[in-house]
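Engineer: Top to bottom, those sequences are chains Z and C. Using UniProt numbering, the final residue of the first sequence is 481, and nothing's skipped along the way. Using UniProt numbering, the final residue of the second sequence is 101, and nothing's skipped along the way.
Derived by calculation from the structure, the hints in this document are not laboratory data. Be aware that one or more of the hints could be misleading.
Claimed, not checked - Here are the in silico distance ranges between beta carbons for each label pair:
#1 Z:Thr190 to C:Ser69: 20 to 26 Å
#2 Z:Lys286 to C:Asp30: 39 to 45 Å
#3 Z:Ala421 to C:Pro27: 39 to 45 Å
#4 C:Ser68 to Z:Met366: 50 to 56 Å
Bear in mind that the values here come from a model prediction, so they are computed numbers and not experimental data. Positions of the beta carbon are idealized from the N, C-alpha and C atoms, including for glycine.
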Amino acid sequence: DLRLYLLLTQVSCCQVWGRYNDDFDDGEDLAEFDDNDFAEFEDVNEDPTVEVESEPPPKPAPSSIPVEDDEDEATVEIEDGQDEFEDADAQDQDMYSKYDKDEFEGYEKTNSPFKDTLIYQDVPAHLQNSWESYYMEILMVTGLLAYIMNYIIGKNKNSRLAQAWFNSHRELLESNFALVGDDGTSKEATSTGKLNQENEHIYNLWCSGRVCCEGMLIQLKFLKRQDLLNVLARMMRPTCDQVQIKVTLNDEDMDTFVFAVGSRKAMSRLQKEMQDLSEFCGDKPKSGAKYSLPDSLSILSEMAEVSDGVMDSKMVHYITNHADKIESIHFSDQFSGPKVMQEEGQPLKLPETKKTLLFTFNVPGMGNTSPKDMDSLVPLMNMVIYSIDKVKKLRLNREGKLKADRNRARVEENFLKQTHAQRQEAAQTRREEKKRAEKERIMNEEDPERQRRLEEAAQRREQKKLEKKQMKMKQIKVKAM
Amino acid sequence: MTECRCFGAVAHYKPPSTDSNPTLEDPTPDYMNLLGMIFSMCGLMLKLKWCAWIAVYCSFISFANSRSSEDTKQMMSSFMLSISAVVMSYLQNPQPMSPPW
């Protein structure tokens, strides 16, 4: 009777275990047991596991309550499962102690065999239903929002600064120029009366219609306040907003000279970068002490007469009073922009020059500019207007003019010498091209008679050329002797 | 004050051609555009989430630095590409991004 009772309990335990095992149907279990009740229990190894598994389920609510209260039931169940395994470990240890030691020869009992091999898998983060696991994404989106906010704020600030500049300078410009503001799109040159926005940080203004000059292009080059990266970079290396003014002159508005004055750093940089300054002002930047300019400024000049001519008392007054705002002032009749790197094999042409006055001013504030600071730039615009008139009146004396002309001739000659080899090569290729084309024409000629005549003509031309060359060589030899 | 304005001698504005002075142009928007596209492709092909996020940042920076004369279609296409890279990486693998440390 006792044996039957034991068997029945084991059957019921099996059934319970079966429910945990999803691999097979409950219905199947019962059928199997009905057919062969004892077949399941012939395998001795299964018994211990069955006993182990069967004990935890009848247990009531889990003894350890999960620490995180906001976790779902699913998590709680799995933690139950972990508890079960832990209990199973403890039970296993007891199990082994019950067995005869001889039965397990060679088997080394470890203290926690299961604990070493069991890997507790974390619940995949995206199934946890918690936003905290997505903290990197939240960080990224926050960064993007910060970027957008900075873009809007920076753009607005730049716009306000530009408008403030224009408002404080409008009167002066409108009294001096017939055309203030032109974007180049309309057919007729009519005043738009407003700045032309090129970028979120660059504003242009074209003024024209004045005596002594062709036109004036003003560029407000603000800092890239709309770009957060730039804002962060500026925290390391502060820079300031700049106003660049380029006055283009007609040929009769300026005599031939090259002159520049500005901060030491700017002067040394311009001397290296600018085509005309490097060619005509070869000497190192000189101090402006002669004209009682501050030490921070230096002068690059083609000749002393030019410096004396430009640096009159009013100019010196302007420059001294606003020395902190002046980056560079560059007057040149040979202005062609910065040195352009020519690729090999390209035939060089003398760069086109234009009589130009260039002014670069720094806006005070070193980046932390407010619209009120724009008013302090008005005297500098007055200086620009004064310079235009002055340059028209400034004429070199005879000596100066000769010197200037010699300089220009020298520069041109140097240039031609440098490019001589290249130009020769280009000419040679052109001549060969011509010959080839002519030969082809002769070959393609259908009529043999005409072909013969063309060939003869070509030969005669060649002969003539050769004779000419020989004559030239003879003449040179005679001259040398 | 004598009148210095000369209504007859008005010159039309000629925008400076970029061919003559390529060094004056700011290359940032073009570089950022290219970088953005490269990162989007990496993010899409290699299923790297961080690549896709960097691509979004690159397209934003390119937009912020762009000139007003530039084609908005180009901007929008690089923007859309980077957004699609992010969306696709998350659809394929909804797990959150793990930090490199």
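Engineer: Run every hint past the structure and note whether it holds.
Structural biologist: Evaluated hints:
1. Z:Thr190 to C:Ser69: 20 to 26 Å: Taking Cβ atoms as reference, Thr190 (chain Z) and Ser69 (chain C) lie about 21 Å apart, which means the hint holds.
2. Z:Lys286 to C:Asp30: 39 to 45 Å: The hinted range 39 to 45 Å holds for Lys286 (chain Z) and Asp30 (chain C), with Cβ atoms some 41 Å apart.
3. Z:Ala421 to C:Pro27: 39 to 45 Å: violated (33 Å)
4. C:Ser68 to Z:Met366: 50 to 56 Å: Violated, at about 27 Å.
Hints 3, 4 from the earlier list are contradicted by this structure; the remaining hints agree with it.
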